[in-house]
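There are 2 protein chains.
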Amino acid sequence: MKALLIIAHGSRRQASNQEVSALAEQLRQHPHNDYDLIESAFLELAEPAIPDGVAECVSQGANEVIVFPYFLNSGRHVTEDIPEILDQVRPQYPEVCIVLSQHLGASPVMPDLVLQTAGKAAINPA
Amino acid sequence: MKALLIIAHGSRRQASNQEVSALAEQLRQHPHNDYDLIESAFLELAEPAIPDGVAECVSQGANEVIVFPYFLNSGRHVTEDIPEILDQVRPQYPEVCIVLSQHLGASPVMPDLVLQTAGKAAINPA
Chain A
1 MKALLIIAHG
11 SRRQASNQEV
21 SALAEQLRQH
31 PHNDYDLIES
41 AFLELAEPAI
51 PDGVAECVSQ
61 GANEVIVFPY
71 FLNSGRHVTE
81 DIPEILDQVR
91 PQYPEVCIVL
101 SQHLGASPVM
111 PDLVLQTAGK
121 AAINPA
Chain B
1 MKALLIIAHG
11 SRRQASNQEV
21 SALAEQLRQH
31 PHNDYDLIES
41 AFLELAEPAI
51 PDGVAECVSQ
61 GANEVIVFPY
71 FLNSGRHVTE
81 DIPEILDQVR
91 PQYPEVCIVL
101 SQHLGASPVM
111 PDLVLQTAGK
121 AAINPA
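Going line by line, the protein sequences match chains A and B. Read left to right, the first sequence gives residues 1 to 126 (the numbering used here). Read left to right, the second sequence gives residues 1 to 126 (the numbering used here).
Note that these hints are calculated values from the structure, not bench results. Incorrect hints may have been included.
Selected chain A positions facing chain B (Cβ under 10 Å, derived; list incomplete) [to be verified]:
no.: 1; residue: Ile-6
no.: 2; residue: Arg-12
no.: 3; residue: Ser-16
no.: 4; residue: Asn-17
no.: 5; residue: Ser-74
no.: 6; residue: Arg-76
no.: 7; residue: Val-78
no.: 8; residue: Met-110
Simulated restraints, written as ranges between beta carbons of each label pair [claimed, not checked]:
no.: 9; chain 1: B; residue 1: Met-1; chain 2: A; residue 2: Ser-21; range: 39 to 45 Å
no.: 10; chain 1: B; residue 1: Leu-45; chain 2: A; residue 2: Glu-84; range: 18 to 24 Å
no.: 11; chain 1: B; residue 1: Gln-116; chain 2: A; residue 2: Arg-12; range: 26 to 32 Å
no.: 12; chain 1: B; residue 1: Asn-63; chain 2: A; residue 2: Gln-29; range: 41 to 47 Å
no.: 13; chain 1: A; residue 1: Tyr-93; chain 2: B; residue 2: Met-1; range: 54 to 60 Å
no.: 14; chain 1: B; residue 1: Glu-44; chain 2: A; residue 2: Gln-88; range: 27 to 33 Å
no.: 15; chain 1: A; residue 1: Ala-121; chain 2: B; residue 2: Pro-48; range: 22 to 28 Å
no.: 16; chain 1: B; residue 1: Leu-45; chain 2: A; residue 2: Lys-120; range: 24 to 30 Å
no.: 17; chain 1: B; residue 1: Arg-76; chain 2: A; residue 2: Pro-94; range: 38 to 44 Å
no.: 18; chain 1: A; residue 1: Val-109; chain 2: B; residue 2: Gln-60; range: 23 to 29 Å
no.: 19; chain 1: A; residue 1: Lys-120; chain 2: B; residue 2: Asp-52; range: 23 to 29 Å
no.: 20; chain 1: A; residue 1: Tyr-93; chain 2: B; residue 2: Asn-63; range: 53 to 59 Å
no.: 21; chain 1: A; residue 1: Ala-15; chain 2: B; residue 2: Gln-92; range: 30 to 36 Å
Please read these numbers as outputs of a predicted model, since none were measured by experiment. Every residue gets a Cβ at the ideal spot worked out from N, C-alpha and C, and that includes glycine.
So that you can see chain A by itself, here it is in the shape it has in the complex (with noise of 0.2 Å):
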């Protein structure tokens, strides 16, 4: 059973938590979804902790957690916060397969998306 746990940086401001958990529902209802559970999970300033994102996944049942920085930039956090925490969580599930994936900014399609984005109104403008 493979699991998605999107990573985000958490504020503290609830509504941009809220959005994380509106992603990881919008992403279990997507037509090209194929993972058994996606959940997520903050870094800091919010909850769940990363270590409770791993722990929802194994409790329902994940043998194979594929964990999403949801980042733009490979700052500190995704080089070195992010892993570090993986591996404290690892030995606790010897018997899962806890694997990091490339963040958000790493994608190759990223520019086309800037452009599709920029110049829209913004929702909540100045």
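Fit chain B to the supplied structure of chain A, relying on the hints for placement.
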């Protein structure tokens, strides 16, 4: 003359900031780019700051600057910090139209991009 100013968060890790400059360069050379100039700036932790990015666009002749938050979630940075900075900057350039764009994460194709990207091997695995 229409400019696109990409606003990223900024990181203490210089390689992460350089990814934003590289994205701007990819966009300049993109076949679907119809901006006369494309620059990037950072909310914090890196240079140039947003006011300096706007100044650079104007100094190159822009009379319209589309400010694009390269952010995934509508946290405080997108809903408060960037709009406030633009409100402070606009009076300096009364002849320039400075428009805040939708942020990247608001794109309706984000779920597709997540499914395309998740599961690809991390370039810097743990």
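Against the structure, the hints come out as follows:
1. Taking 10 Å as the C-beta cut-off, the interface hint given for Ile-6/A holds, the closest approach to chain B being about 7 Å.
2. Using the Cβ-Cβ criterion of 10 Å, the hint placing Arg-12/A at the interface with chain B is satisfied: the shortest such distance is roughly 7 Å.
3. With 10 Å as the threshold, the beta carbon of Ser-16/A comes within range of chain B, its nearest partner Cβ sitting at about 4 Å, so the hint holds.
4. Of the supplied interface hints, the one on Asn-17/A holds, with its beta-carbon coming within about 8 Å of a beta-carbon of chain B, less than 10 Å.
5. At about 6 Å, the closest approach between the beta carbon of Ser-74/A and any beta carbon in chain B falls short of 10 Å, and the interface hint on this residue holds.
6. For Arg-76/A, the shortest C-beta to C-beta distance to chain B is roughly 6 Å, which falls under 10 Å, so the interface hint holds.
7. Taking 10 Å as the C-beta contact cut-off toward chain B, the hint placing Val-78/A at the interface holds, the least distance being around 8 Å.
8. At about 7 Å, the closest approach between the beta carbon of Met-110/A and any beta carbon in chain B falls short of 10 Å, and the interface hint on this residue holds.
9. For Met-1/B and Ser-21/A, the Cβ-Cβ distance of about 41 Å falls inside the hinted range of 39 to 45 Å, so the restraint holds.
10. The hinted range of 18 to 24 Å is satisfied by Leu-45/B and Glu-84/A, whose Cβ atoms lie roughly 20 Å apart.
11. As the Cβ distance of Gln-116/B to Arg-12/A is approximately 30 Å, the hint placing it in 26 to 32 Å holds.
12. Between Asn-63/B and Gln-29/A the beta carbon distance is about 44 Å. The supplied range of 41 to 47 Å therefore holds.
13. Judged by the Cβ atoms, the range 54 to 60 Å given for Tyr-93/A and Met-1/B holds: they are separated by roughly 56 Å.
14. Checked against the hint of 27 to 33 Å, the C-beta distance between Glu-44/B and Gln-88/A comes to roughly 29 Å, which is consistent with it.
15. The hinted window of 22 to 28 Å between Ala-121/A and Pro-48/B holds, with their beta carbons roughly 25 Å apart.
16. At about 27 Å, the CB distance of Leu-45/B to Lys-120/A agrees with the hint of 24 to 30 Å.
17. Checked against the given bound of 38 to 44 Å, the beta carbons of Arg-76/B and Pro-94/A, roughly 40 Å apart, stay inside it.
18. For Val-109/A and Gln-60/B, the Cβ-Cβ distance of about 28 Å falls inside the hinted range of 23 to 29 Å, so the restraint holds.
19. Under the hint 23 to 29 Å, the C-beta atoms of Lys-120/A and Asp-52/B, about 25 Å apart, fit the expected range.
20. One distance hint, 53 to 59 Å for the beta-carbon pair Tyr-93/A and Asn-63/B, holds here, with the actual separation near 57 Å.
21. For Ala-15/A paired with Gln-92/B, a C-beta distance near 31 Å keeps the hint of 30 to 36 Å intact.
Violated hints are absent here; each numbered hint is respected by the structure.
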